[in-house]
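Starting from the structure of chain A, add chain B where the hints point.
In case you want the letters, here they are:
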Amino acid sequence: MSVPSQSTPHLDSLYQEIILDHYKHPHHRGLREPFEAEVRHLNPTCGDEITLRVHLEGSAADGWRVADVSYDSEGCSISQASASVMTDLVIGKDVESATAVYDEFLTLMQSKGQAEPDEDLLEDAVAFAGVSRYAARVKCALLSWMAWRDATTQAMGGSTA
Amino acid sequence: MSYDVARIRKDFPILDRELRPGVPLVYLDNAATSQKPAQVLDAMRDYYEQSNANVHRGIHTLAEEATALYEGGRDKVARFINAGDVREVVFTKNSTEALNLMARTLPLGPGDEVVVTEMEHHSNLVPWQLACARTGATLKWIGLTDDGRLDLDDLDRVITERTKVVAFVHQSNLLGTVNPVDVVAAKARSVGARTVLDCSQSVPHMGVDVQALGVDAIAFTAHKMCGPTGIGVLWGRLDLLDELPPFLGGGEMIDEVTMAGSTWAQLPHKFEAGTPPIAEAVGLGAAVDYLTELGMPAIRAHEHELTVYALEALQAVDGLRIIGPTTADERGGAISFALEGIHPHDVGQLLDERGVAVRVGHHCARPACLRYGVPATTRASVHLYSTTAEIDALVSGLDHVKRFFER
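Residue numbers (the numbering used here), protein chains in the order written: chain A, 478 to 638; chain B, -2 to 404.
Do not rely on the hints blindly, as some may be mistaken.
[Claimed, not checked] Heads up, simulated DSS-like pairs for lysine-lysine below, C-alpha to C-alpha not over 30 Å straight-line:
| hint | chain 1 | residue 1 | chain 2 | residue 2 |
| --- | --- | --- | --- | --- |
| 1 | A | K616 | B | K73 |
| 2 | A | K501 | B | K399 |
| 3 | A | K616 | A | K589 |
| 4 | B | K184 | B | K137 |
| 5 | A | K570 | A | K589 |
| 6 | B | K399 | A | K589 |
| 7 | B | K73 | B | K90 |
| 8 | B | K161 | B | K184 |
| 9 | A | K589 | A | K501 |
| 10 | B | K73 | B | K7 |
| 11 | B | K137 | B | K161 |
| 12 | B | K90 | A | K616 |
Treat the hints as calculated values from the structure; they're not laboratory data.
Excised from the complex, chain A in its bound form (with noise of 0.2 Å):
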């Protein structure tokens, strides 16, 4: 996986194969049960939607793991593929290394095209380091693991953020 080259922002380097392939095809999709949290997130800019569930196994002493990730969204190619994307990473995972891949998936959309993506920790995450160049987009690719980040918070029992 090449990162996009600097010179021109161009629309190749926003809309990667991989984005277009989980937009039309997006993984984990719907709402199931059992879950702990629900949230609900919008993007005001631009309408886009997301309602997500999280079911956490696990306990504060022992650790939680990320069982499943559910959710029902609207919105543009970019926030339907992040969301896909998103729950292909974090499912299975412990939510500390959930956490982690968070944490790197933020450092790179806020990055503006300069960042240096790890691809170990985001596999298919890193065809969004494009979107980081589109201002207007980011908060597009942010959606999804907002949600995530909101909903696991809160079905650990934590304060939402």
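Okay, now just chain B, sitting in the frame of chain A:
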């Protein structure tokens, strides 16, 4: 002389811009803001280079020039909208502030009702929600028909003896609909309610005559009418503005101040606390001169022609649905649409690659989007300098968008 759009475009330096080599700007986001002619930019530069000073204080030459230029802007606006008295023209920051001024100062209380419509921009909805929450009044609204018009069958049910204010939009920024002001205002008058009209999208494109409109107050903003950002206008009938308490307190709006209390300046200064947007008033005056020279009837006719052309061309695009009236009758040139299976954000991004600037999102009119079952729309909107070639570029861009997502 016929309307020479090629000559007019030469007045707008930005319209010559290439976004990237070989990709000229096709600006179809005029309902968000208009571009500015050199005449407006020059007037503001001249003001800063030659006459800059604060207004209504000081007796030196520059202060007097600045005051004359600022008040000259007000005189021009008053003539442009046919105000009966120049004191009826209050400068604000934008339409939003003008509408908030009305919502903050019109007397309301428990049992009173405020009526808006389901097609309001958030700027003519949220201030009234706040006013109702603050005073205990109740907010009601006139619904919409499937073809994007006000549901006038609702009027008698919604506007009642309890109605104190009817606040509604002249031309919808989302749907393009031009509302029948006379019908709504007559109903409001019959129950003794005040009327506030949001003219943000009508003053720049059709011109208004406040004495003919039959409402108590209107709001509009300079930046949508080829003027600068940072200045808007509240026009209100003199007797109404006289009754209302001040909105913001500070310098400029007072008559006499002691530590125990103050009295208020005469209209319009009672509503203009602090140093006003002086250069912006000069720019607005120049914009009004520019529009007047072209002639609002000629501008309106040109934009109507473009609207007819665009509605026809867009409806020929497979899978495209217009959100709002599908004919150009009682309609302006802001056209919202949905493209089947492709989100507006993606439409806007791909159009931008081809230099076509449109607005995507809910256009600060989310309730109307919900009414028509769309989370967002793509909106193309024309102005006095727009051309049929730009509409063609949009339509060809939409074909490109469809091919991109169908590949």
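Going down the list of hints, with the structure as the test:
1. A:K616 / B:K73: 43 Å, violated
2. A:K501 / B:K399: 14 Å, holds
3. A:K616 / A:K589: 13 Å, holds
4. B:K184 / B:K137: 15 Å, holds
5. A:K570 / A:K589: 28 Å, holds
6. B:K399 / A:K589: At roughly 28 Å apart (the allowed maximum being 30 Å), A:K589 and B:K399 satisfy the hint.
7. B:K73 / B:K90: 18 Å, holds
8. B:K161 / B:K184: Roughly 12 Å separates the two Cα atoms, so the pair holds.
9. A:K589 / A:K501: 26 Å, holds
10. B:K73 / B:K7: Distance of about 24 Å is within 30 Å: holds.
11. B:K137 / B:K161: 11 Å, holds
12. B:K90 / A:K616: 29 Å, holds
Consistency with the previously given hints fails for number 1 only.
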